[in-house]
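Asker: Sequence:
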Amino acid sequence: NYARPSVDVVFESAAEVYGEGLIGVILTGANKDGSRGLKKIKEAGGIAIVQTLETSEATEMPRSAMAAVKPDYVLPLVEIGPLLRKLESER
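Quick note: the sequence shown uses my numbering, first residue 786, plus one each step.
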């Protein structure tokens, strides 16, 4: 099977449109997709969330994201959903 990574494309487009209102989340994954887009989200004033390496089955995506930007939050998977609800309720 062939996979065409596209998280960067989605994040970059969303950052242009939503700017500081955007929250980008990088979860477990086996390629570097998403790092460039997460950087664009941060540059636009948005929030970056990355899953911890310890709770990721494949660490390449979160590791790459953390190398590209300083995330606002690095959390275990089980804590990301509650954080998203909290952040949204504060808007």
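Misleading hints may appear alongside valid ones.
Claimed, not checked - With a straight-line Cα cutoff of 25 Å, these simulated DMTMM-like cross-link-like pairs (lysine to aspartate or glutamate) come out:
#1 K817 - E828
#2 K817 - E801
#3 K825 - D793
#4 K827 - E875
#5 K855 - E801
#6 K824 - E845
#7 K817 - E839
#8 K817 - E842
#9 K827 - D857
#10 K855 - E842
#11 K824 - E875
#12 K827 - E845
#13 K817 - E845
#14 K855 - E805
#15 K824 - E801
#16 K827 - E805
#17 K825 - E845
#18 K817 - E875
#19 K827 - E839
#20 K825 - E864
#21 K855 - E875
#22 K824 - E805
#23 K824 - E797
#24 K817 - D793
#25 K855 - E839
Derived by calculation from the structure, the hints in this document are not laboratory data. Since we're looking at a predicted model, the values are computed, not measured.
Asker: Please go over all the hints and tell whether each is borne out by the structure.
Answerer: Hint check results:
no. : hint        : in the structure
1   : K817 - E828 : holds, 19 Å
2   : K817 - E801 : holds, 21 Å
3   : K825 - D793 : holds, 9 Å
4   : K827 - E875 : holds, 19 Å
5   : K855 - E801 : holds, 20 Å
6   : K824 - E845 : holds, 16 Å
7   : K817 - E839 : holds, 17 Å
8   : K817 - E842 : holds, 14 Å
9   : K827 - D857 : holds, 9 Å
10  : K855 - E842 : holds, 21 Å
11  : K824 - E875 : holds, 23 Å
12  : K827 - E845 : holds, 20 Å
13  : K817 - E845 : holds, 6 Å
14  : K855 - E805 : holds, 16 Å
15  : K824 - E801 : holds, 12 Å
16  : K827 - E805 : holds, 8 Å
17  : K825 - E845 : holds, 19 Å
18  : K817 - E875 : violated, 31 Å
19  : K827 - E839 : holds, 23 Å
20  : K825 - E864 : holds, 24 Å
21  : K855 - E875 : holds, 22 Å
22  : K824 - E805 : holds, 13 Å
23  : K824 - E797 : holds, 9 Å
24  : K817 - D793 : holds, 9 Å
25  : K855 - E839 : holds, 18 Å
In this structure, the one hint that does not hold is number 18.
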